[in-house]
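Could you put the whole structure together from the sequences, leaning on the hints where they help?
Residue numbers (our numbering), protein chains in the order written: chain E, 1 to 281; chain D, 1 to 266.
Heads up, a few of these hints could be off.
[What the hints assert, rightly or not] Below, simulated PhoX-like cross-link-like pairs (lysine-lysine); rule was C-alpha separation at most 20 Å, straight line:
(1) D:Lys98 to D:Lys159
(2) E:Lys65 to E:Lys32
(3) E:Lys136 to E:Lys123
(4) D:Lys159 to E:Lys65
(5) D:Lys159 to D:Lys171
(6) D:Lys171 to D:Lys98
(7) E:Lys115 to E:Lys136
(8) E:Lys65 to D:Lys171
(9) E:Lys109 to D:Lys171
(10) D:Lys171 to E:Lys115
(11) E:Lys136 to E:Lys109
(12) E:Lys109 to E:Lys123
Keep in mind that the hints were calculated from the coordinates and are not lab data.
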Amino acid sequence: MNAIASASSAVSASELSIHLGHGADRFEAVQKVHFTIRPAEFICILGPSGCGKSTLLGALAGHLKPSHGQLLVNGHPVGGPGPDRGMVFQQHTLFPWRDVIDNVAFGLKMRGVQKLERRNQAKEILQLVGLEGFEKRWPSQLSGGMQQRVEIARVLVNRPSLLLMDEPFGALDAQCRMEMQQLLLSIWARIRTTVVFVTHDIDEAIFMADRILVMSPRPGRIIEDLRVNFPRPRHTEIVTSPDFMHLKRHCLELLRHEPGRALPRLSPLGLPAEQELQAVI
Amino acid sequence: MATASSPTNPWLRIILPSLSLLACLVLWHLAATYKLDLGLVSFVYVPPPAAVAEAAWNLATSPKLLPHLGSSLGRVFAGYFAAAVLGVGIGLFIGRWKSLESILLPPLEVLRPIPAVAWIPLAILMFPSSELSMIFITFTGALFPILLNTIHGVEAVDKRLVASARSLGAKPWAILREIILPGAAPSIITGLSIGMGTSWFCLVTAEMVSGQWGIGYYTWESYLIRRYPDIVVGMLLIGVLGMGSSFLIKSTGRFLIPWYHLRRNV
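Listed below in structure tokens is the structure:
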């Protein structure tokens, strides 16, 4: 029965652990997590900084290799990175040497699509994220919010079955962040792909998700699987509703941790900056 | 840096620099005509600017100019071209694959501190013609700045860009072509530009020792046959050629990576 369940689910993880670092510095970033995600579900992984939520995302993308357990995407074990699992980082991962349209068309180029055809498809996706007219700009000429729109478009052009997002709006100001959240939800309403969205922002998680997986501080475990039942399409007004407040209070309690235990932020590629990449498949 | 503080005032941009150059010319003229002797350094044999100008005109109208220029340019481009291809090629692979770095870099690190001039005797013994040995000297001069800047550029490429490309379906060759090469391009162009300067420097030295034609040879020959104004003409010509070819590399570079300069100015 378990096998049938994992075959029909978009993602299934069982007994999944991920270790980072080398030798004496090696530690367990994600510990024995177990969850399944249904196709077209919008999942938020919520947790404090350094809890291993991005690490989990990195494993789904195929940038990090699990040390124990099983991780299936569409019924198959994750090998390496691939265009079926699109990844959006927090910021600055557009190719600075490509203009907007060629950034978006990159995935199609890798698949061998002809130039004219890929430009046409890229244009369509750019319309979807509200960036028509910006095709010829360089990434550095765009605002942070526009850059993230291009990032999303660049991933969507591959029609991924799984959209992985690592705090994609974390670097944006509050106003822009809300706009982007609504934009993402409206895109998702149209293309209905499975989304795994990592955030440490409780409001963001509740506003966006069908389900929230709450993670504990290191070692990262899933301590709660919360269903969010607000009807869609969702509007910003729900943020002030009693149900929303109730959920938020619950999340705050879950995330409350002892003071003085702030951990360095991890990334989907393993340890932060100067420390070397671990186990890139 | 220069662009950020560059004055728009024509007085600072054109007039003052021109006056400074003119003042140097006047000082040179005075020192040379009055045969200034400071004990430590003497201007007794230094030709005045007018004599140099006359010598330059003579060279410009002489049939020897083209063979001299042609030989030097040919050698520089042959040696520099080989250094550019090898330096960028090897640099990309060393920067990308750590195991290659351990294999290829140690012998190169041993050779690197040896100045090109020190190669001259051995180069003459190693190569069948003096022409080839001079090209080799030019090559060694240009290779290391190009190689090291390429390696540095490749290693500085943001790992997240590589990860993004992999997630978008790029295979190793595509990553090298689409991410590593353009990512390292600003550093590579810096290396190519420095390499152009050093290859001229090395060529002139090589030509002084074992040339028949070439600007370096012309300069040295002028000393041997005591045509002192010609020495200065040779020196200036070397400067102009070196500067010109470095400028060529830089402007080609700017043309190739427009996104980079734009980002710096934002």
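Hint-by-hint comparison with the structure:
no.	hint	verdict
1	D:Lys98 to D:Lys159	15 Å, holds
2	E:Lys65 to E:Lys32	14 Å, holds
3	E:Lys136 to E:Lys123	11 Å, holds
4	D:Lys159 to E:Lys65	17 Å, holds
5	D:Lys159 to D:Lys171	15 Å, holds
6	D:Lys171 to D:Lys98	18 Å, holds
7	E:Lys115 to E:Lys136	15 Å, holds
8	E:Lys65 to D:Lys171	19 Å, holds
9	E:Lys109 to D:Lys171	12 Å, holds
10	D:Lys171 to E:Lys115	19 Å, holds
11	E:Lys136 to E:Lys109	17 Å, holds
12	E:Lys109 to E:Lys123	14 Å, holds
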